[in-house]
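Trainee: With chain A's structure known, arrange chain B on it following the hints.
As given, the protein sequences belong to chains A and B, one line each in that order. Start counting the first sequence at 1; every next residue gets the next number (my numbering). Start counting the second sequence at 1001; every next residue gets the next number (my numbering).
Quick caveat, the hints were computed from the structure, so don't treat them as lab data.
List time: in silico SDA-like cross-link candidates among lysine to any residue, alpha-carbon distance up to 20 Å:
#: 1; chain 1: A; residue 1: Lys522; chain 2: A; residue 2: Arg536
#: 2; chain 1: A; residue 1: Lys267; chain 2: A; residue 2: Asp245
#: 3; chain 1: A; residue 1: Lys492; chain 2: A; residue 2: Gly136
#: 4; chain 1: A; residue 1: Lys303; chain 2: A; residue 2: Glu293
#: 5; chain 1: B; residue 1: Lys1061; chain 2: B; residue 2: Ala1025
#: 6; chain 1: A; residue 1: Lys303; chain 2: B; residue 2: Glu1169
#: 7; chain 1: A; residue 1: Lys303; chain 2: B; residue 2: Leu1143
#: 8; chain 1: B; residue 1: Lys1061; chain 2: A; residue 2: Trp446
#: 9; chain 1: B; residue 1: Lys1061; chain 2: A; residue 2: Asp363
#: 10; chain 1: B; residue 1: Lys1009; chain 2: A; residue 2: Gln412
#: 11; chain 1: A; residue 1: Lys492; chain 2: A; residue 2: Ala502
#: 12; chain 1: A; residue 1: Lys267; chain 2: B; residue 2: Ala1124
#: 13; chain 1: A; residue 1: Lys267; chain 2: B; residue 2: Ala1125
#: 14; chain 1: B; residue 1: Lys1088; chain 2: A; residue 2: Ser317
#: 15; chain 1: B; residue 1: Lys1009; chain 2: A; residue 2: Tyr391
#: 16; chain 1: B; residue 1: Lys1078; chain 2: A; residue 2: Asp363
#: 17; chain 1: B; residue 1: Lys1009; chain 2: A; residue 2: Ser389
#: 18; chain 1: B; residue 1: Lys1061; chain 2: A; residue 2: Asp320
#: 19; chain 1: B; residue 1: Lys1061; chain 2: A; residue 2: Trp362
#: 20; chain 1: B; residue 1: Lys1088; chain 2: A; residue 2: Ser447
#: 21; chain 1: A; residue 1: Lys267; chain 2: B; residue 2: Thr1217
#: 22; chain 1: A; residue 1: Lys267; chain 2: A; residue 2: Ser539
#: 23; chain 1: B; residue 1: Lys1009; chain 2: A; residue 2: Tyr392
#: 24; chain 1: A; residue 1: Lys20; chain 2: A; residue 2: Arg130
#: 25; chain 1: B; residue 1: Lys1009; chain 2: A; residue 2: Pro413
#: 26; chain 1: A; residue 1: Lys267; chain 2: A; residue 2: Glu165
#: 27; chain 1: B; residue 1: Lys1009; chain 2: A; residue 2: Ile104
#: 28; chain 1: A; residue 1: Lys303; chain 2: B; residue 2: Glu1170
#: 29; chain 1: B; residue 1: Lys1088; chain 2: A; residue 2: Ser318
#: 30; chain 1: B; residue 1: Lys1088; chain 2: A; residue 2: Phe316
#: 31; chain 1: B; residue 1: Lys1061; chain 2: A; residue 2: Asp356
#: 32; chain 1: B; residue 1: Lys1061; chain 2: B; residue 2: Arg1020
#: 33; chain 1: B; residue 1: Lys1061; chain 2: A; residue 2: Thr445
#: 34; chain 1: A; residue 1: Lys267; chain 2: B; residue 2: Gln1122
#: 35; chain 1: A; residue 1: Lys522; chain 2: A; residue 2: Ser539
#: 36; chain 1: A; residue 1: Lys522; chain 2: A; residue 2: Gly205
#: 37; chain 1: A; residue 1: Lys303; chain 2: B; residue 2: Gly1193
#: 38; chain 1: B; residue 1: Lys1088; chain 2: A; residue 2: Met319
#: 39; chain 1: B; residue 1: Lys1088; chain 2: A; residue 2: Gln323
#: 40; chain 1: B; residue 1: Lys1009; chain 2: B; residue 2: Phe1027
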Amino acid sequence: MSTFRLTEEQLHTVNAVIQKSDNVLVHNCLTRTAQESKLFPILPYLDLVMIDTYYRYPDLLRKVAAVMSPEDLGHRVREVSTTFSRITSWSTLAYYLNGRALLIRNGLLRPEDNLEDLWFMVDFHQRLMRTYFRAGGNLWALDAGDISPVHEERTLQVFEADAYEADDELRTAAMRFAAAATQYNFLVHCESRSGLSSTGPYQLGGQLLLSTRDFLNMTECGLAWMDGIGQDIGYANLTMTVITDGVGMEITDWGTPYTTPEAYQDKVVGVGLYTSDVLTDRYLPVGMGSREELVAEFDRLTKAIHGATRQLYSRFSSMDATQMVEAGMATYLRAPVDLAMIAGVYDAADWDFVDDRTRRLWDLYNEEYAYDAYVDKFASLGGLRGGQSEYYLHPITYAVWRRSGMQGDLPQPGRSGEFVPADVLRSHDYSLRVNPGGLSDSRGTWSLPPKSGAITVAAGALSQDELNERARSLDTPLLQSPWRYIDEAAVKWRFDDPDADALYRYTQERSRLIAGRGASLKRADIDAARRAAGERPWSELAAARAAASVPEEVLS
Amino acid sequence: MTNPMANPKWTLPESSTLSRLTREALFRTVAANLEKLGPDATWADTVNGRTLDLLSADDGKRIAEEVFEQFQMIEGRKLFAGCEVALKERPDLYVLRSAAEVLEERLDWPEGVVGDGDNVFQAAADIEGEVLVVREVSEVDRLMRDGVPEGVIGVIDDAGGTMTAPILEEFEGVICLAGTVRSHLAIISREFGVPVLMGARLKRPLVNGERVRVSYTAAAQNVDAYFGDTVNPRAEVRTIDEAA
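Just chain A, with the same shape it has in the complex:
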């Protein structure tokens, strides 16, 4: 029997995180009308899965935390691209908090209920996020002015050095791939962004920016409806590195890059391509042997994606409404699923169902009520609770009101989140865990065909047991001392430390231009390496572009 009690310090941490999550949510929801799709029942699945995560995440993540610490996980997900990404790292906590708020609004929960779960979720999430984003130091893109740096210098140096200069042929091939992959990925994830992510932008000087674009779950993976889909693609996760010249870019907490100008394609000057997953501790180059090979690989992938899109579209078209809601819910529920895979404790039976406690609300969250509940919860901030008092000003909606010239009345005093009342510190009349008996308390059903295919990783198509076995036996030196404790801040002052040098060499091992160069490498050295390979440094390329764009009358 747990004797957990929330301390005052924890209470204030929890409420501050609830408000921060609320700010991020409202900031991103402001730019959207309510989401609807002719193909997918988005609003029913969106509302219902929030509630489902409330019942399930604490024990799903306790199972992971029993094997790996949040810090271990944060180190792992920073080094590669997994489905625990910019957006899903936000949503892992946000979905849970939203489910909590929806249940409170439905009269099925009090804000003080299940405090041990709430503290576990906040603590686990914050520790993981602080490790994941240690390079940038901001846990939320919102706090960084909507940019999202993740990678450290040693990884970025490989990306910078190895990207190929984009002539028209490579640029066209890369952009066609990015478009097709983006579109297909929305389809894979039932119209959600769960499988798309970005990091950066990172500066290369002048107006040159480097960013990464992730396309995840592109073929057979843990998603049950992906069995037999996209096998020609060959990779579950693909990461494209993109270097632009003269493009402004923001990357939000939802992992979406927005550029200025909006049509940025002709300003792409360099690209690279990699794969990675829960069993890799570094990015693996894809088609990077030569510029010609990369063009061919982009073209091959685009063709395969087109085929997979049609295949998957037909599969979804044959599903009934219940299955489509369940599939949509699964894409959201699985936000932290790669943490279970990294920890080697993934069991599809833990994930692939809808909890009976959520299922009881199935008919209530019909197409229109789900839409209205979304508007109340995420957009107008109305409904049963709102803010704690009539004096409340939401920092995001109030800022918009001021910036737009104070048109009309102030925004109503609503908020999306629900604080924990401070009187939990003096009265302990509350429950501790939503599943007092642990993960087995969560039971439910699913009408989707069960997953039977493989899970694709760079090492091949694996069964669940094979995946778990390999994950448990993965012994990456990046998680061990001394490398674990060598970050950019350490290397800045101790780049001649032999351990730092060895760490950099490990990251550079598959680099085509800077393998074995070690920790003392600077941009000038990367420029020299590119020149030696007969390729222009990015700054020279930018200078040539600038010269070419100067009108002749100015030159004369």
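Mentor: Coordinates of chain B only, in the frame set by chain A:
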């Protein structure tokens, strides 16, 4: 035991009749079920261990039916559905939200202009084309098989990135009657370089085969307009026949 959430000091109104009716029915049901649990039951013990006694799956079904009846009496219509499969399975419950399309009630439409919208990106040229209205998944299926005819401007009412996914690249341009320049369709259109107007408002419905000219060279809508920044003028849709 009474529901501890039933009597807040203050509250904000819900955004719709349906939300209010649903909340009232939920709270009535939870209150009645709490009564049945007897005076010795405590909330802390009930909220998890006996939560299906607070609200069962049967309760959920019954409330949904009751609320729908009340809603129809008050609003005089069926519920709106966003997705087709919901309507297909429950035509007794739903009409498509897009079928209730409201035309823009403006008296000052410039001559020849039949609509406007937020431009996703500034294209190199305006586009003239023949309107093809695509509102159903079955129509996308057909176009996937037969191909989209050349020179077509698609008119769609789905701002998502999936319904028109297999055929988007084949349009000369798109007029989308929903969404914003941050919607999924807008994200994809930028990637493909297919010009798109989002959140388009129409003076009258556009019909298959009519020719229009869309000013895709207009400035892209400012994505920060939603945060209170400058709102750029909307791009125009002109009918070529009427202008002539």
